Amino acid sequence: MKHLIDSIQHVSWKLVLPPLNKDSFLLVVLLSFPFIIQAQETISLDKCLRLVHINYPLAKQTSLLTEQLGLDIDAIKKDRLPKLDLNGQATYQSEVTSLGGQLMNVTIDPPNKDQYHTTLDANQLIYHGGLIDASIKAKETKAAIGQQEVEISLYGLKNRVNHLYFSLLLLQENQDLLRAKESQLTARLEEVRAGVKYGTLLSSSADALEVELIKIQQRNTELSMSKLDLLQQLSIMIGTDLQPQVVLQRPEVFPVVPDQTSQRPELLLFELQKSQVDLSSDLLERSKLPKISAFAQGGYGNPGLNMLDNTFNSFFMTGVKLNWNVFDWDKNRKERQSLQIDRNIVDSQKETFELNNDLELVNLQSEIDKMEELIRYDEQIIPRFEKMVKTAESQLKNGVITSSAYITEFTNLYEAKSNLALHKTQKLLNQIQYQITQGTYEKSSN
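Taking the working numbering, the leading residue of the sequence shown gets 16, the next gets one more, and so forth.
Everything labelled a hint here was simulated from the structure, so no lab data went into it.
In this text, all values refer to a predicted model and were calculated from it rather than measured experimentally.
Check the hints yourself; a few may be wrong.
To be verified - Straight line, CA to CA, 20 Å or less: simulated SDA-like cross-link-like pairs of lysine to any residue: (1) K230 to T417; (2) K336 to A105; (3) K92 to K128; (4) K242 to P266; (5) K230 to L204; (6) K152 to K230; (7) K128 to A105; (8) K93 to D384; (9) K306 to P97; (10) K230 to I88; (11) K442 to Q395; (12) K439 to D362; (13) K152 to L287.
What the hints assert, rightly or not - If you anchor each label on the Cβ, the simulated ranges turn out as follows: (14) L283 to Q83: 14 to 24 Å; (15) L283 to Q258: 30 to 40 Å; (16) I356 to R391: 46 to 56 Å; (17) S250 to K349: 19 to 29 Å; (18) L96 to Q248: 20 to 30 Å; (19) E155 to D61: 44 to 54 Å; (20) T57 to S409: 10 to 20 Å; (21) L96 to L323: 36 to 46 Å; (22) L140 to I356: 25 to 35 Å; (23) Q364 to E155: 49 to 59 Å; (24) L283 to N359: 26 to 36 Å; (25) D61 to E369: 22 to 32 Å.
Note that beta-carbon positions come from the ideal geometry of N, C-alpha and C, so glycine has one too.
Build out the structure end to end from the sequences listed, making use of the hints.
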């Protein structure tokens, strides 16, 4: 607070405010302090998880897949429209049909050996056995699978973000402990310097505390550099620039529900893959059905439809045609049997995923239980160290022990508090990791 007031006093307030006495000035500073605190940048784990889902480059595939699906469906629907084909050919043949003479006193010239035809063919599908609709559903399922694969990849990033966030949170908590340790040692140093001044303590007592304070500054610098490195990694992942002074909020603790149904995105992918197999099988079935279409042909050539007229003529033809592959050497049935194997493979992959997921949940629950036990011991150790440090403080003031002995006791207390912070953070990390692995973290945090 003193540093804040000193920095503010350097501003030429006379330019913007009338002259203030000291009490009024302090009142202005105190009233403005909450707004300064609110301006401090903070971030939460939930926000990081949302940002990585939005800003990670892979997320762009979602809109691309949607756009691709629209184009694929439009292309399939074009099969319902008439098809127009322009054809042309020029041929020369070694022999043509000839009557070999006169017929009823009429001479019939044989066709020319060089022949020319240009046609415009139109085909309109009338009945296709629902093949187009089935093809659209297959494309939609394929796109849904692609979207779900992107979702799974983005979901996998949550583990990385979670570990990065808690690594930063642990560094932040260690820095808080270091500041508290520095504050207490500074207070002891002032007391020791007073004792040295009045001759009740040796000057070496102050030297030992000063060395320990330098070590704290060294350790704080090391933590700051580590935090800067991890912040850069997290910033890149979430697509948001995080400043070194950002404050990480401690996530809320959610109770772990071991028997809750898994909601992992991989499970939906397996269901979509089985649906794709079913739709592919349906497409094979429909491909066996007959197809009926209307056609029309208009052309110009020599000869035309009258093969005995050796001049260029226009012509046209229209009608209905049927196409039905009644025998395919059992190809269709073999393909459907192959698809059934694909379905069995998907079932096997799902079982394997669920087994591995359950094993990971068991391991995480074991880690949570272990951290709870360690925390219980930490909470028993710290009060005893606090008593020992309090006694050491009194002994240091009276010159009964050296500063080194006091530092040893104080360091033991600091390490115990550091262990408690570490175990609490690890427990929370594993709790959230459990729910991410279970697929229920978002539901719990809403």
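So, going through the hints one by one against the coordinates:
Using a Cα cut-off of 20 Å, the hinted pair K230 and T417 holds, with the two alpha carbons roughly 18 Å apart. Restraint check: the Cα-Cα separation between K336 and A105 comes to about 26 Å, which exceeds 20 Å; the hinted pair is violated. Taking the CA atoms of K92 and K128, the gap is about 43 Å. The hint is violated against a cut of 20 Å. For the hint linking K242 to P266, the alpha-carbon distance of about 18 Å falls within 20 Å, and the restraint holds.
Restraint check for K230 and L204: satisfied, since their Cα atoms lie roughly 14 Å apart, inside the 20 Å limit. Between K152 and K230, the direct Cα distance comes to roughly 67 Å. Violation of the 20 Å bound is thereby established for this hinted pair. Between K128 and A105, the direct Cα distance comes to roughly 11 Å. Compliance with the 20 Å bound is thereby established for this hinted pair. About 61 Å separates the Cα atoms of K93 and D384, which puts this hinted pair outside 20 Å; it is violated.
For the hint linking K306 to P97, the alpha-carbon distance of about 15 Å falls within 20 Å, and the restraint holds. The straight-line distance between the Cα atoms of K230 and I88 is roughly 67 Å, outside the 20 Å bound, and the hint therefore fails. Simply put, K442 and Q395 have alpha-carbon atoms about 18 Å apart, close enough for the 20 Å limit, and the pair holds. Restraint check: the Cα-Cα separation between K439 and D362 comes to about 39 Å, which exceeds 20 Å; the hinted pair is violated.
Restraint check for K152 and L287: satisfied, since their Cα atoms lie roughly 12 Å apart, inside the 20 Å limit. A hinted range of 14 to 24 Å holds for the C-beta pair L283 and Q83, which are about 20 Å apart. Between L283 and Q258 the beta carbons are some 38 Å apart, a value that agrees with the proposed interval 30 to 40 Å. At about 53 Å, the beta-carbon gap between I356 and R391 stays in the expected band of 46 to 56 Å.
Taken as a hint, the range 19 to 29 Å is violated for the pair S250 and K349, whose Cβ atoms sit roughly 54 Å apart. A hinted range of 20 to 30 Å for the beta carbons of L96 and Q248 is inconsistent with their spacing of about 53 Å. Separated by about 32 Å at the C-beta atoms, E155 and D61 break the suggested range of 44 to 54 Å. Distance hint check: the CB atoms of T57 and S409 are about 40 Å apart, inconsistent with the given range 10 to 20 Å.
Our hint of 36 to 46 Å for L96 and L323 holds, since their Cβ atoms are close to 38 Å apart. Checked against the given bound of 25 to 35 Å, the beta carbons of L140 and I356, roughly 33 Å apart, stay inside it. For the hinted restraint 49 to 59 Å between Q364 and E155, the CB-CB distance of approximately 22 Å leaves it violated. Range check, L283 to N359: Cβ separation about 19 Å, and the 26 to 36 Å hint is violated.
Separation of D61 from E369 is about 27 Å and conforms to the stated range, judged on CB atoms against 22 to 32 Å.
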